[in-house]
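Here is what each chain is made of, one letter per residue.
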Amino acid sequence: MAYKKYVEMIVQYTEDGNIVPLAVRWAPGELYEIDRVTDIRPCASMKAGGAGIRYTCMVQGHEKYIWLEENRWFVEAKGDKLNTEQDAG
Amino acid sequence: MERVILHSDCNSFYASVECLHHPEIRNKPVAVGGDVEQRHGIILAKNQLAKKYNVKTGEALWEAKRKCPDLVIVPPHYHLYERFSRMARKIYMDYTDQVEPFGLDECWLDVTGSAIKGDGMAIAKEINNRIKYELGITVSIGVSYNKIFAKLGSDYKKPDAITPILKNNFKEIVWPLPAADLLYVGRSTERKLTSYGIHTIGDLATTQEKYLQDWFGKWGEVLHSFSNGLDLSPVATFDNQPVIKSIGNSTTTPRDLTTDEDVKIIFYVLADSVARRLREQGFKGRIVSISVRDNELSSFTRQHALGKYTNITSEIAQEGTRLFVANYRWQRPIRSIGISISDLVSDTTPTQTDLFFDEISRERRERLDTATDWLKHRFGTSTVQPAVLLADRELSGFDPKRDHTIHPVGYF
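Chains A and B, in that order, are what the protein sequence lines are. Here my numbering is used: the first residue of the first sequence is 1, the next is one more, and so on. Here my numbering is used: the first residue of the second sequence is 1, the next is one more, and so on.
Don't read these hints as lab results, they were simulated from the structure. Ideal placement from N, C-alpha and C gives every residue a C-beta, glycine not left out. Treat the hints loosely; a few may be bogus.
Stated by the list, open to error - Pulled a few chain B residues facing chain A out of the computed Cβ check, cut under 7 Å:
no., residue
1, Ile25
2, Glu134
3, Thr138
Unchecked claim - Lysine-lysine pairs mimicking DSS-like chemistry, simulated, CA-CA at most 25 Å apart:
no., chain 1, residue 1, chain 2, residue 2
4, B, Lys51, B, Lys210
5, A, Lys5, B, Lys192
6, B, Lys264, B, Lys218
7, B, Lys210, B, Lys192
8, A, Lys64, A, Lys47
9, B, Lys56, B, Lys158
10, A, Lys47, B, Lys56
11, B, Lys125, B, Lys171
12, B, Lys158, B, Lys171
13, B, Lys28, A, Lys47
14, B, Lys245, B, Lys401
15, B, Lys157, B, Lys125
16, B, Lys132, A, Lys64
17, B, Lys132, A, Lys47
18, B, Lys132, B, Lys171
19, B, Lys167, A, Lys47
20, B, Lys167, B, Lys157
21, B, Lys132, A, Lys78
22, B, Lys90, B, Lys125
23, B, Lys376, B, Lys401
24, B, Lys245, B, Lys218
25, B, Lys171, B, Lys157
26, A, Lys47, B, Lys308
27, B, Lys157, A, Lys78
28, B, Lys132, B, Lys117
29, B, Lys56, B, Lys125
30, A, Lys5, B, Lys52
31, A, Lys5, A, Lys47
32, B, Lys117, B, Lys52
33, B, Lys67, B, Lys52
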């Protein structure tokens, strides 16, 4: 079972208004650099339960989806949602 | 030239958006319901599984629970529905600028000039796929040559379906449908039609127009043209903001109302929201209408034209209260009431004063409203209130302006 996990991001705003994700903090102490963004498109996440702009990111040779939903970023995290991570919305 | 019009309808819109956001309830019967504590305890929307249990929109939560004990009832999240509505419209706008919303979950699209994207069916398929992929919910789309049949097409097969209704097949698809499926055939029109032996849209279409005119006046012509696919009304362009014809608020009260004083309190709360919205939009209005529904759910409306255009809170509240007192004999306690104002003009329209009216005190009340608007904007609606609201905090403790952002619209 996957769950929706909001994550902290380091992003770059380009002068023409585009957003380039640079790094994602997957968990405390786990900051991963994003090597390349291969695709950007509007997309829903049925697994995590949400919809927004999906960035396909290469992280250490793995392809990872990260969504920008309004002003928050989320990922489809593996495992069960912890009780402490109840999402607000 | 024959038009190509789509009507796209998000299936079980509120429930679908909730199910997308809560994967754990997706395979359960789900309904979106109002707040039980505040007695808005009715079903607003339900998913396909709940439909199988015959759960109906508008019924009380306890009724639905009795039909389907496992029903998961979630509270509504209007900001989410508005966001998904915007996202859907953004997709429609990729195909045409003639996108006319009908509520949050439905839109007409005129794609006559969009041949570069394919014919009507191809565009409908692409939209259907994109909504599924990008929004994670499904739509039903009707494809036709007029708005009325396009809408019937989107209702014909649900969920996640596309139905073409064209000149060569509309008699087989549309005509066997019950007359009540037609836009603007409500309960009373349906009753009247039944009494004339008209049951289906086909019956209606083949009835001579002059009979319909005799029975329904100008609506007869409309029904005749709707049922024969002759409706020519255009799909509005999206930036063509519909002209606001009236502004109103209504509420189901936290407890049944039993006295004129109770009603007065509610009218003051509602009129405050209505008048503030009038002033925000730069309008004044002249016709005050009230709607009243008692605890056995029978309802009535009354309206009255004021002598002058107004946006003064107290004038609107007083007129509403006066209309109510003059028209209700307290046969039963009241469950919900509403007030609205129409015949709107711009608030810069010059007004005729008269010798026997104290125009100066009116201007002072207008300035008072402007001042309290500013305070309420900064510090919240309950900052400054008429004393009558203090008589019963339980009744007056709601904010229609903040809480109710969904305003239904009409076809004409």
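Each hint, compared with the structure:
1. Ile25: violated, 10 Å
2. Glu134: holds, 4 Å
3. Thr138: violated, 11 Å
4. Lys51/B x Lys210/B: violated, 40 Å
5. Lys5/A x Lys192/B: violated, 56 Å
6. Lys264/B x Lys218/B: violated, 38 Å
7. Lys210/B x Lys192/B: holds, 16 Å
8. Lys64/A x Lys47/A: holds, 14 Å
9. Lys56/B x Lys158/B: Holds - the C-alpha atoms of Lys158/B and Lys56/B are around 16 Å apart, at most 25 Å.
10. Lys47/A x Lys56/B: At roughly 29 Å apart (the allowed maximum being 25 Å), Lys56/B and Lys47/A break the hint.
11. Lys125/B x Lys171/B: Holds - the C-alpha atoms of Lys171/B and Lys125/B are around 24 Å apart, at most 25 Å.
12. Lys158/B x Lys171/B: holds, 20 Å
13. Lys28/B x Lys47/A: holds, 16 Å
14. Lys245/B x Lys401/B: holds, 18 Å
15. Lys157/B x Lys125/B: holds, 14 Å
16. Lys132/B x Lys64/A: This hinted pair holds, its Cα atoms lying about 21 Å apart.
17. Lys132/B x Lys47/A: holds, 14 Å
18. Lys132/B x Lys171/B: violated, 31 Å
19. Lys167/B x Lys47/A: Violated - the C-alpha atoms of Lys47/A and Lys167/B are around 43 Å apart, more than 25 Å.
20. Lys167/B x Lys157/B: Holds, at roughly 19 Å.
21. Lys132/B x Lys78/A: holds, 23 Å
22. Lys90/B x Lys125/B: holds, 16 Å
23. Lys376/B x Lys401/B: holds, 11 Å
24. Lys245/B x Lys218/B: Satisfied, since the Cα-Cα distance of roughly 21 Å is no more than 25 Å.
25. Lys171/B x Lys157/B: Holds, at roughly 17 Å.
26. Lys47/A x Lys308/B: violated, 58 Å
27. Lys157/B x Lys78/A: violated, 37 Å
28. Lys132/B x Lys117/B: The given pair, whose Cα atoms are some 19 Å apart, holds under the 25 Å limit.
29. Lys56/B x Lys125/B: violated, 29 Å
30. Lys5/A x Lys52/B: With Cα atoms ~33 Å apart, Lys5/A and Lys52/B exceed 25 Å; violated.
31. Lys5/A x Lys47/A: holds, 11 Å
32. Lys117/B x Lys52/B: Judged against 25 Å, a Cα distance of about 37 Å means the pair is violated.
33. Lys67/B x Lys52/B: holds, 10 Å
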